[in-house]
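Start from the sequences, fold in the hints, and give me the full structure.
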Amino acid sequence: MAMLLEIRDLHIEALGEDGRWQEIVKGVSLELEPARVLGLIGESGAGKSTIGLAALGYARHGCRLARGSIRLEGEELFGATSEKLREIRGVRVCYVAQSAAAAFNPAHRLDDQVIEAAVQHGIMSPGEARAEARRLYAKLKLPDPATFGRRYPHQVSGGQLQRAMTVMAMVPRPDLIVFDEPTTALDVTTQIEVLAAIREAITDEGMAAIYITHDLALVAQMAHRIMVLRHGLEVEVGPTERILEAPREDYTRALVGVRRVQKPEKPRSGGAPLLEVRHVDAAYGAVPVLFDVSVCLEAGRTVAVVGESGSGKSTLARVITGLLPPRKGEVRLDGRPLPPSLKERAKDQLRRIQLVYQMPDVALNPRQKVEEIVGRVLTFYFGTNGAERRREVERLLEEVELPAGFADRYPAELSGGQKQRVCIARALAARPEVIICDEVTSALDVQVADAVLRLLLRLQEETGVAYLFITHDLATVKAIADDIVVMLEGRVVEQGPKSEILSPPHHPYTDLLLSSVPEMEVGWLDRVLRERAERKARGEAVMEAADR
Amino acid sequence: MRPRPSVLVGFAIIAVYVAAAVIGPLVSPYGEAEVVGDVWEPFSAAHPLGTDNLGRDMLSRLLWGASRTIGVALAATLLSFTIGMTLGYLAAVVGGWVDMVLSRAIDTLMAIPTLIFALVVLAVLPPSVVILILVIAVLDSTRVFRLARAVAMDVVVMDFVEVARLRGERLGWIVFREVLPNTLPPLIAEFGLRFCFAFLFLSSLSFLGLGIQPPAADWGGMVRDNANAISFGLPIPLIPAAAIAVLTIGVNLVVDWQLERSSTARRGA
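As given, the protein sequences belong to chains A and B, one line each in that order. Using our numbering, read the first sequence as starting at 1 and increasing by one per residue. Using our numbering, read the second sequence as starting at 1001 and increasing by one per residue.
One or more of the hints may lead you astray.
To be verified - Selected chain B positions facing chain A (in silico; Cβ < 10 Å):
(1) Met1153
(2) Val1157
(3) Met1158
(4) Asp1159
(5) Phe1160
(6) Val1163
(7) Arg1165
(8) Gly1168
(9) Glu1169
(10) Trp1173
(11) Glu1178
(12) Leu1180
(13) Pro1181
(14) Asn1182
(15) Leu1184
(16) Pro1186
To be verified - To list a few chain A residues with every Cβ distance to chain B over 10 Å, as calculated:
(17) Glu132
(18) Ala217
(19) Gly270
(20) Gly310
(21) Gly322
(22) Arg336
(23) Leu342
(24) Gln354
(25) Tyr381
(26) Glu540
The hints are simulated quantities; they were obtained by calculation from the structure and are not laboratory data. C-beta atoms are modelled at their ideal positions from N, C-alpha and C, and glycine is treated no differently.
In structure tokens:
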């Protein structure tokens, strides 16, 4: 069978800070048959997006295609004239980006933007393109296909906008669509709907696709073949089943095997709770965010607060830390109520609750060395100074598995995972009883995140610290929680020990949430969709993302 | 990043001016207000830049003027940054009504045209260098406040500042240790620009007769004193005017480089 896309020995370079060109894709070859889906998977910096864009003969600003060959149905795109490339981009090869919100112009109706490429390139008349768009809106299960395009981008949800962007890519009837992390910015319950819609549409329309993601479980649902990339090089390539079931390379095995961190649930001690949130209502100005939220954390245990964006889980952390005094209710530490506002709390009360943030990049002062970052906590709370402080900082760094020499580094000289470890060391320096972990692993690559989770578990065993673990990621919850609190729109939907929450019968929302998490298994998406359809057919209550 | 030749030119210009300001009065051939010749004498060995409208040596007055003009402008700029940065950081870090009151007060001050405001104040108050510095500094500090508040706002929302707040740190620590070091690059560039502005503003005031008072030498005043010479085809008033222009250009060359450097550094981080 003739190949649709053939990339041979592609090298791509990026302009480094020192003004020199550095190779970021170091000789990758791939081929794609018509109407097939190739998954590109790798961690950040693997070069997967760069390769995806090269399929359009495009290199990002500050990058250049250095050498190699990119053939689309035998036609060479490498070094092609810009006229030639214009005939191909948006016509025969289309691109769907991660953030649909950033890709749509908020001042124009969806229809005008969706049909623009097809009309501009003279493929269709505006009327034909509109009709085609309506057909595709229906195909992607968008509401009211006949009038959907009359809306502006802000009038539709994130998941709908992402599907509208897919429609935009499909209207010109391209041979190939490049999907670059199309569901990464979406909530997990929305993601599954978008995935199903995209997959059905490209199969029915007979288009080929390159599907780029960092999530192997996701790509396994979408792709016929998978290519694993690392540091701009191919690790291995093969049919999806083979990659999942019999990975040949250690790196792939590690990717397939991640999230194998498991911790047995600790039995409840039955002792007095260490941290208690009692019937809290909270609001930002006039906007109410939390409604009668009660959460309880015992010493040495881990409570995971799970919910999607907008569920109020981060607001809960702000209430506990005193950044946002609640409207009603109270927070108790060791049985005594904490003053609602941070300013009224005593130094020791502040010390006992520490917070670790999602983005280690902005949680560390770029102008302070690690010694200052961690050491300040020691000076501030315990008056430790000089050589003693230095020794203590080094001990804490070793505790979080970093070399003692890192004390002399600035945050910019550390990787993402290392920065997060410094943040953990800073929290530990206060010798806290509770550490609130706000999405601490979601900005990290899977393997790095896994190592950080393992570290947190070990620290808990050694120091007996309790964690309030805020996350949208159920895999993380399964790995580390003792108790689970499920939140939806500012309310606690369900809470209890991990074993209870994770085994049926579930609250309908918990069920939706649990079943939406991609599993490392070929055919998972089909199975979930089938199960949901069957249960609906039986008349059981099945919640959908749109119901929320 | 290697600095471009233009940056070296900028630094060279600034170095010459600083030298003139510091040692100028010591090396000047004649006294500041000493009448040594005829009116508007041409360039000669005794008077390399000729003489002015009262027969004073131009070179000597230019050197004396350097220390006065640059000194006053620098003092005013330093003072304006002290006021503007303190209030700007306070507004950004404390926020709430403090920010509201300060911002509205500064807006009001900014709404008044600076030159007219300065002319009124200086006409009413007795002429003195201290008052001159104060007026320029207060007027200039409004711009510094705006910038300091804006850059501090960007940093205040960062998680590491929240960490410091959660730790229970006092305002001083948050401002000086967390916020200040992360906002310096744009403010350093602004310092150069503000200095140019203060320097030009001072020159304008002196030209109008409300700046540094005669017989003290000052470049703006020297332009005014000798302005009539232009009608006789003499280049005399262009000499102090050029001295003003060249310093402004030199500072701007360095500021451009500093701005570029800080923006690439931030992108790299």
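Results of checking the hints against the structure:
1. Met1153: Not OK, violated: methionine 1153 (chain B) not within 10 Å of chain A, min 14 Å.
2. Val1157: holds, 9 Å
3. Met1158: holds, 5 Å
4. Asp1159: holds, 4 Å
5. Phe1160: holds, 4 Å
6. Val1163: holds, 6 Å
7. Arg1165: holds, 7 Å
8. Gly1168: holds, 5 Å
9. Glu1169: holds, 7 Å
10. Trp1173: holds, 9 Å
11. Glu1178: holds, 6 Å
12. Leu1180: holds, 9 Å
13. Pro1181: Interface hint status for proline 1181 (chain B): holds (4 Å vs cutoff 10 Å).
14. Asn1182: The hint holds - asparagine 1182 (chain B) has a Cβ within 10 Å of chain A, the shortest such distance being about 6 Å.
15. Leu1184: Given a least distance of 9 Å, the restraint on leucine 1184 (chain B) holds.
16. Pro1186: At about 14 Å, which exceeds the 10 Å cut-off, the nearest Cβ of chain A leaves the hint on proline 1186 (chain B) violated.
17. Glu132: Per Cβ check, glutamate 132 (chain A) is outside 10 Å of chain B; nearest 41 Å; holds.
18. Ala217: holds, 30 Å
19. Gly270: It holds; glycine 270 (chain A) is separated from chain B by about 31 Å at its closest Cβ, greater than 10 Å.
20. Gly310: holds, 20 Å
21. Gly322: violated, 8 Å
22. Arg336: holds, 18 Å
23. Leu342: violated, 7 Å
24. Gln354: With a cut-off of 10 Å, glutamine 354 (chain A) comes too close to chain B, as the shortest Cβ separation is near 8 Å.
25. Tyr381: violated, 8 Å
26. Glu540: holds, 43 Å
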